[in-house]
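Asks: Sequence:
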Amino acid sequence: MTLYLKNATFMNWQSLEITKADLAIEENSPGGLSFLTSTPAPETIGAQDRILDCTGKWVTKSFGCGHHHIYSTLARGMPAPRKTPKNFPEILEYVWWHLDKRLDLDMIKASALASAIYCAKNGVTFVIDHHASPFAIRGSLATIAGAFDRVGISHMLCYEISDRDGEGPREEGLSETDAFLAAGHQGHVGLHASFTVGDKLLKKAIALSKKHDTGLHMHVAEDRADQDAALARYGKRVVERLEDAGALELKKSIFSHCIHLSDREKDLLRKSGIWVAQNVESNQNNNVGLTGYAALAQNVLLGTDGMHSDMLRSAKAAFLVGQATEGIGFDGIYHRFRNIHRYIQEFGAQGDADNNLVILDYDSPTELTPDNFFGHFVYGLEARHVETVICKGKVIVENRRVVNVDEGEVMAYAREMGKKLWQKM
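With the numbering used here, letter number 60 in the sequence shown gets 60, and the count goes up by one each step, no holes.
Everything labelled a hint here was simulated from the structure, so no lab data went into it. Watch out, some of these pointers could steer you wrong.
To be verified - Okay, derived cross-link-like pairs now, EDC-like style, lysine to aspartate or glutamate, Cα gap no bigger than 20 Å in a straight line:
#1 316 x 249
#2 424 x 163
#3 200 x 163
#4 236 x 267
#5 210 x 249
#6 200 x 171
#7 210 x 363
#8 6 x 27
#9 266 x 249
#10 101 x 27
#11 20 x 249
Fair warning: this is a prediction, and the values are worked out from it, not measured in the lab.
Given only the sequences and the hints, what does the whole structure look like? Please build it.
Replies: Structure representation (structure tokens):
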């Protein structure tokens, strides 16, 4: 199938070059994009081909999320915890671990479908997710993958393995991960954080990563408590512990947060080439602190940590915080926003080729040029401008509505599962 975009104003996401042209988008992966002098007449195209009129619209590369938690989707409006958390470990204990222990596969399915819809409507066509459901592990990753596939977005998944719930969930997490990756799915070996991961589990996770030629995806030094635990138990800081275990050899890894790092730890990460996911809104929400990421060189990408599914919003938040923490500029935050594509390419993953696009109805009151685009990116572009979304050459959102699932039915199902979850809590 070929999708034709007529009268498009195309912006190259790397060079920012603007071209007014007709485009031909080929389906599936790797797929491609080509420029035409004109779109074929409707009566000459194939029965499965389509023509979309993009007059007055901007077309560019779609977006990606480097660290998500779809399992938190049903948390919106949930009952208050039985005790008011006073610090980050208590936030985990009384909120997130209280929630994730009560998830079942139906709730996970509802969370994934709803989250995939939010992502798609925000122009996000590739999601790297970090999942947790310690008493509904088996089949959880396949359930999420199936939901994302139904909506039409690409993904790289992992299960957040830890020792916090005992040997049973730990071994089941390893087994689920092994089976999911062995089946040919794209993903990581997920770990929660150093303070919930013992040496035995860390060793097994590294071995499993090597077996499947992937990396770890874990929280690193999100809160000072992670460093305090590492120093007390192992006599070394978190990244030093990971280095000694051989984890820094896994170049496909993503370490999320990385707030409370020493200069030596930053140097170790920079030299390793491992990627870091920045999630400033979640960090502010949890009051764990803020940091600058300039010392980690270019391998920083943006995530949401489950706060939402809007990467343009994440970029704006990271820019506003980054002015104080590292003096980041317009260009710096745009490149960080787009680093997800670099990561996917280096990983060798599928689903983020040139046939992943957004059509933006950007009603700017001022001229947009390659020279001033960064200013428009930070202060102008918003998710509301996403009109149509194309993933792997297929339209998955058209005129701001998802096309592969019934949004009303999905949200009704999610509300039903949300009530079920809250009752269990």
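Asks: Take the hints in turn and mark each one as holding or not.
Replies: Hint check:
1. 316 x 249: Outside the cut-off at roughly 32 Å; violated.
2. 424 x 163: This hinted pair is violated, its Cα atoms lying about 23 Å apart.
3. 200 x 163: 10 Å, holds
4. 236 x 267: 15 Å, holds
5. 210 x 249: 10 Å, holds
6. 200 x 171: Since the Cα atoms of residue 200 and residue 171 sit roughly 11 Å apart, the hinted pair holds (cutoff 20 Å).
7. 210 x 363: 48 Å, violated
8. 6 x 27: Judged against 20 Å, a Cα distance of about 17 Å means the pair holds.
9. 266 x 249: 15 Å, holds
10. 101 x 27: 40 Å, violated
11. 20 x 249: The given pair, whose Cα atoms are some 45 Å apart, is violated under the 20 Å limit.
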